[in-house]
Amino acid sequence: MRYLLLLTSDPSRLDDPPQVTPEDQVINDWVEMTRALADAGILVAGEALEGRDVATTVRRRHDQRLVTDGPFAETTELLIGYYLIDVADLDAALAWAARMPNVTWGSVEVRPVRPGPASTEAMG
Amino acid sequence: MVALGQLERTFREERAAVVATILGRTGDLQLAEDAVQAFAAAVVRWEADGVPQSPRAWLVVVAWRRALDRIRSHDARGQREERVTGSQLTPTGDPADDVPGATDDDLLKLIFACCHPALGPEVRVALTLRSVAGIPTAEVARLFVMPEATMAQRLVRAKRKIRDTGLRLEIPEGQALQERLEAVRSVIHLVLTAGVTAGGSDLPVEVGLCAEAVWLARLVARLTPDDIESAGLLVLCLLTHARTPARASATGRAVLLADQDRTHWDADLIAEGLDVLATSRRGRLPGSYWLEGAIAAEHARVADVARTDWTRIAALHRALAILRPDPVTAVARAVAVGRAEGPAAGLAVLRPIVDAGTLQAHAPLHAAMADLLAAAGEDAAAAGARARAAELIVNPTHRRAFGCENSSSVSSGA
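Line by line, the protein sequences give chains X and Z. So in our numbering, the last spot in the first sequence is 163, and the numbers never skip. So in our numbering, the last spot in the second sequence is 415, and the numbers never skip.
Please keep in mind that the hints were generated in silico from the structure rather than gathered at the bench. Some clues are possibly wrong.
Derived SDA-like pairs (lysine to any residue); straight-line CA-CA distance at most 20 Å [claimed, not checked]:
(1) Z/162 to X/155
(2) Z/162 to X/79
(3) Z/162 to X/149
(4) Z/162 to X/154
(5) Z/162 to X/130
(6) Z/162 to X/131
(7) Z/110 to X/155
(8) Z/162 to X/116
(9) Z/162 to X/78
(10) Z/110 to X/127
(11) Z/162 to X/136
(12) Z/162 to X/150
(13) Z/162 to X/125
(14) Z/110 to Z/259
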């Protein structure tokens, strides 16, 4: 089963405890995480995302295309990246989610992918 | 409590085992429950015609065929039938020929599914009561002080989550097993506490919930025979429920532990509880539930409250504190220490908790303060603490009992 791991960071937690991790170590943590997923043969996709300052949102309302500056919703927690993994069940996905580098200063939402004719898998 | 018929209660485990089996094969708890709806009708027939030799086997056959019919008629995409695990199909490949056996393993899987951490804590309790214990939805709703439609919706959502989110239905191993067992015990303990606290009731105790806790604890203890904590929880449930007949006076007032007529305590449940306590220890390190059971045993084994061994109880509490260093557990310890070593010692345990301020809305904390302050002769302060506790107690009969009694048995539990 495929699961999307939505990775967030919570800015209100960044000082609790104080962030002493240097930036390149943080990057290393993610490199190792991606490698671990790949080595386990479960990585389908995964990327870090640029911050919400460079997000743009598109809608169509009343037959008009609307483009707005910023994310689709204002939230405290910031979306920083994602992994799409293929594992046996939810418990396995939760176990991987618990290993993500951001679990202490953010959160990982684990959402099952809904299989169907519109999915990537169905396209072959 | 909506009464399950006598025969229905007798076969609750059978029902749960069949639900468990169909859940295991299909991953769909709602489907499993619908399939055993024949259960009530079956029981009525059995009352007339006599019980078949193997009720479980009888039920499984009927329910399994019903589940298969549902799957075939319901699902156009053909996906659900694939979900019926093929690993045990007979040579003909027809699932209808392969009636699953409803085993203890299946039962344990069902309990684990209902108590899975991916489900919210309140939903776990509700789902366990509904799907494992077979309590009707309306009754579960009443126990949660919720409209039936709301509870029904929550349960449907939870069952959908079990089905669609790929919750693992296998029994875990090692550390994961311990964690999941702990979650199960938590649910059962919540049921017991809800029964004794009776927050949604005008009666001193929710007898049905206490009885359900005992039934669930017995089941889990049977399914995990080497687990000292499962045994400990069973002891706690048995000895707590043994006191049920003494919790209400003839006029419906709540009677607190120190004032209960112990001749009304259920001697059979006490004997069973003390026996499980003694035989489960086997030289092993006790867990926190076992210690709580041992504390309950200190009350249960004494016919006269004046002979309560508070020194021993305080010692057990100190052992418990190592495993459960949280402030809520410390409140009960403070009372025991106060009884064993004098109010000053008990207050010394409580002060840091009061100062930390995190339990301001916790009635037992103020009740314990009232207890110890009164014993220390600080009557004005004790009255203030008692008033604060009374404000926080939800059950009206408990509130009245606390207001009237001079003795402070609320803090040491009932």
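Do the hints match the structure? See the list:
1. Taking the CA atoms of residue 162 of chain Z and residue 155 of chain X, the gap is about 18 Å. The hint holds against a cut of 20 Å.
2. In summary, the hint linking residue 162 of chain Z to residue 79 of chain X is not supported, as the alpha carbons are separated by about 26 Å, beyond the 20 Å threshold.
3. For the given pair, residue 162 of chain Z sits about 13 Å from residue 149 of chain X by alpha-carbon distance, which is consistent with the 20 Å threshold.
4. The hinted pair formed by residue 162 of chain Z and residue 154 of chain X meets the criterion: a straight-line CA distance of about 15 Å does not exceed 20 Å.
5. Distance hint between residue 162 of chain Z and residue 130 of chain X is fulfilled; the C-alpha atoms sit about 13 Å from each other, no more than 20 Å.
6. With a C-alpha separation of about 16 Å, the suggested pair residue 162 of chain Z and residue 131 of chain X falls inside the 20 Å cut-off, and the hint holds.
7. Distance restraint check for residue 110 of chain Z and residue 155 of chain X: the Cα-Cα separation of roughly 29 Å exceeds the 20 Å cut-off, and the hinted pair is therefore not satisfied.
8. Restraint check: the Cα-Cα separation between residue 162 of chain Z and residue 116 of chain X comes to about 24 Å, which exceeds 20 Å; the hinted pair is violated.
9. For the proposed pair residue 162 of chain Z and residue 78 of chain X, the alpha carbon gap of about 30 Å is over 20 Å, so the pair is violated.
10. A hinted pair counts as satisfied when its Cα atoms are at most 20 Å apart, and residue 110 of chain Z with residue 127 of chain X qualifies at roughly 17 Å.
11. Distance check on the hinted pair: residue 162 of chain Z and residue 136 of chain X sit about 18 Å apart at the alpha-carbon level, within 20 Å; holds.
12. Between residue 162 of chain Z and residue 150 of chain X, the direct Cα distance comes to roughly 11 Å. Compliance with the 20 Å bound is thereby established for this hinted pair.
13. With a C-alpha separation of about 18 Å, the suggested pair residue 162 of chain Z and residue 125 of chain X falls inside the 20 Å cut-off, and the hint holds.
14. Our distance criterion of 20 Å between C-alpha atoms is broken by residue 110 of chain Z and residue 259 of chain Z, whose separation comes to about 41 Å.
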